[in-house]
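Chemist: These are the residues of each chain, in order.
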Amino acid sequence: MLQMRSRAIALLVILWVLPVGLLTGGTWSSQVDRTLSDSRFDAEESQQIRQIFTRADEEHLPVDPLVLRLNEGIAKGIGPTLLRDALDTHADAYRKTREIVRLELGDEEADRLFATATVWDRTVTLYREGVGEQQLGALLDMFSKQRSADKWNNYRYGGGLLMALQQWGLESATALSIIESLSRSAIAGEEYRGILDLLNTGIAQRIPPQEMAQRIIRSAPKSRTMHALGRMVR
Amino acid sequence: MHTSKLSILMFCMVFVIALPLYSGQTGAFIGVSGDYRYADDPLLETHAGRVDLHGNVDHRMLLGDTGFLAVSLFGEAAYAVEDADFSDYLEASLRNSWLLGPNTLEFSLGARQSFGGYDGSEPFFIPSWAAEFRFDRGFRSLNPFVTYEGYVDDSGIYNGVRAGFVHMPAVEFRYGLSVGGTVEVVENADRPDLLGSVMGSVDGLSGYFLNWSVQADATYRDSTDAAAEGFSGNLLGTVRIAPSRSFQIQVTPSLHWTYLIAGNTWDVGMETALRSDFTATDHLFWYVETVGTMDRLESGSPHPWSVRVSSGVDLVW
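Protein sequences appear in the order of chains R and V.
Residue numbers are given in this note's numbering: position 178 of the first sequence equals residue 178, and the series is strictly consecutive.
So the mapping is simple: this note's numbering equals the position in the second sequence, first residue as 1, plus 234.
Please note that the accuracy of each hint is not assured.
As the list claims (entries may be wrong) - Covered stretches of chain R, going by a simulated chain V footprint (3 or more residues, C-beta under 8 Å):
1) 72-83
2) 192-200
Said to hold, decoys possible - Just a few of them, taken from the derived set where beta-carbon distance is under 7 Å, the chain V residues facing chain R:
3) Val405
4) Arg479
5) Gln482
6) Thr486
7) Asp548
Claimed, not checked - List of simulated lysine to any residue pairs, SDA-like, C-alpha gap at most 25 Å:
8) R:Lys222 x V:Glu421
9) R:Lys222 x V:Gly335
10) R:Lys151 x V:Ile475
No lab work stands behind these hints: they were computed from the structure.
Note that the coordinates shown come from a computational prediction; the quantities given were computed from them, not determined experimentally.
Every residue, glycine too, gets a C-beta built ideally from N, C-alpha and C.
Could you build all of it, start to finish, from the sequences and the hints given here?
Modeler: As structure tokens, then:
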């Protein structure tokens, strides 16, 4: 009797959850349909764009960032061919970075990284901004070794710092060495951007960037905060 | 006294020159600069020009896993064009830090000296010293600190203590607050002057390439000299934009004020500096700076003002 009642409850729950799931699980699909119907694209063009989303969903790629790009593209009045190419390129970036991450970290750790959308998004941004596969692999490797529970969040900040340092004009190898030393420190990821301030203050004090970088690389692993690191290198 | 000052300076110079023999890193730069000042101020010459040669040597080394030592020596020789007059300036400093768990204990010694006078002053020798203990409870925690510092000049001996904290609730924003007390033993005074001060600061980052700060302090002086008793303070702001390693620009407005109780008099002045640094290579730096000053803002009459433009080149190796 008890067993029959439990089965009935389970069946009711499934019958209740399933329609709700059908209604909400197709969210990207309804969003894409709504956006395309509001656009001036013809049926064939809309179908080609829709196929990108369908394929991404089947391959378990994040679809929400693609929906965002679709909405932005339509709002900016971008033509169907350009928009399709842009969405294809972005989806390819997710495929490619997934390969790189799995190769570098193995499936289990890679799945932990992919579980946080913002971390995968940052990896794609790094890849699309021109960070090479080797550099990306090195970045993943150094933060995978970090013992902090926030290591993939710190990786996100480390990646942002890498782009900023390269934009500022620091050589890639030196920039990576700085980030590697930060990954071995107890400094919180949110503080990583303070490295630019140290480099700029160094210039004001006539400490060449390469020299300041070496000071940071030597002293960062001993520092708990960016403020403490600053006291040691200036 | 003069011999001991010279001995101290020579010791510093020999020590710094011998530093490359020790492990660690040695850095040095030498530079030249020139400046021109135009002043509408009865206390200053209308036109004044100056050229100078300056240099700096420093050495830093880690002491095991928990210590750090930095020593530096800066010198400048300047020539004032209008007066056909030379002046000199030397500054030596030593800083020693130790990590005690996550906290830091730091000692520093310093000395500033001019044999022939500098920037309108008489010859001077000013040794200084300080000790500081900083708690580091981590990012986003309240981090207290306590500092003791002192110095000696021709007027007397100064010893002060300051206690406060620094808090960084977010990487884009940090603030600090401290209170301090100083005892100034002045020659020929019945008793020491006593000073109490409060200091506050806020600073932060905006993106990766812009940082800013604001500092304010206020001090009360209790003195047997009625003409010196009163309040004083400063307000200083800084904004620096550095989009690349080859260029940065910094603006620094500041305000200083004094109120003397006996005469019920105010003295308010302001200064704004605009400085650009250009890094041609990792070893060649060029800078241009413009500083505007205006004094006696508390009065309604025309305010004395001056503008100084300077430019210099530094070679680093």
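Chemist: Could you run down the list of hints and mark each one as holding or not?
Modeler: Cross-check of the supplied hints:
Counting residues of the segment 72-83 of chain R whose beta carbon lies closer than 8 Å to any beta carbon of chain V gives 0, which falls below the threshold of three, so the coverage claim is violated. For the segment 192-200 of chain R, the stated coverage by chain V is satisfied: 6 residues place a CB nearer than 8 Å to a CB of that chain, which reaches the threshold of 3. Residue-level restraint check for Val405 (chain V) holds (minimum Cβ-Cβ distance to chain R is 5 Å; threshold 7 Å). Taking 7 Å as the C-beta cut-off, the interface hint given for Arg479 (chain V) holds, the closest approach to chain R being about 4 Å.
A cut of 7 Å between beta carbons decides the hint on Gln482 (chain V): the least distance to chain R is about 6 Å, and the hint holds. A cut of 7 Å between beta carbons decides the hint on Thr486 (chain V): the least distance to chain R is about 12 Å, and the hint is violated. Nearest Cβ of chain R to the Cβ of Asp548 (chain V): about 5 Å, under the 7 Å cut. The hint holds. At most 25 Å may separate the alpha-carbon atoms for a hinted pair to count; Lys222 (chain R) and Glu421 (chain V) exceed this at roughly 46 Å.
Pair hint Lys222 (chain R) plus Gly335 (chain V) holds up; C-alpha atoms about 11 Å apart against a cutoff of 25 Å. Simply put, Lys151 (chain R) and Ile475 (chain V) have alpha-carbon atoms about 30 Å apart, too far for the 25 Å limit, and the pair is violated.
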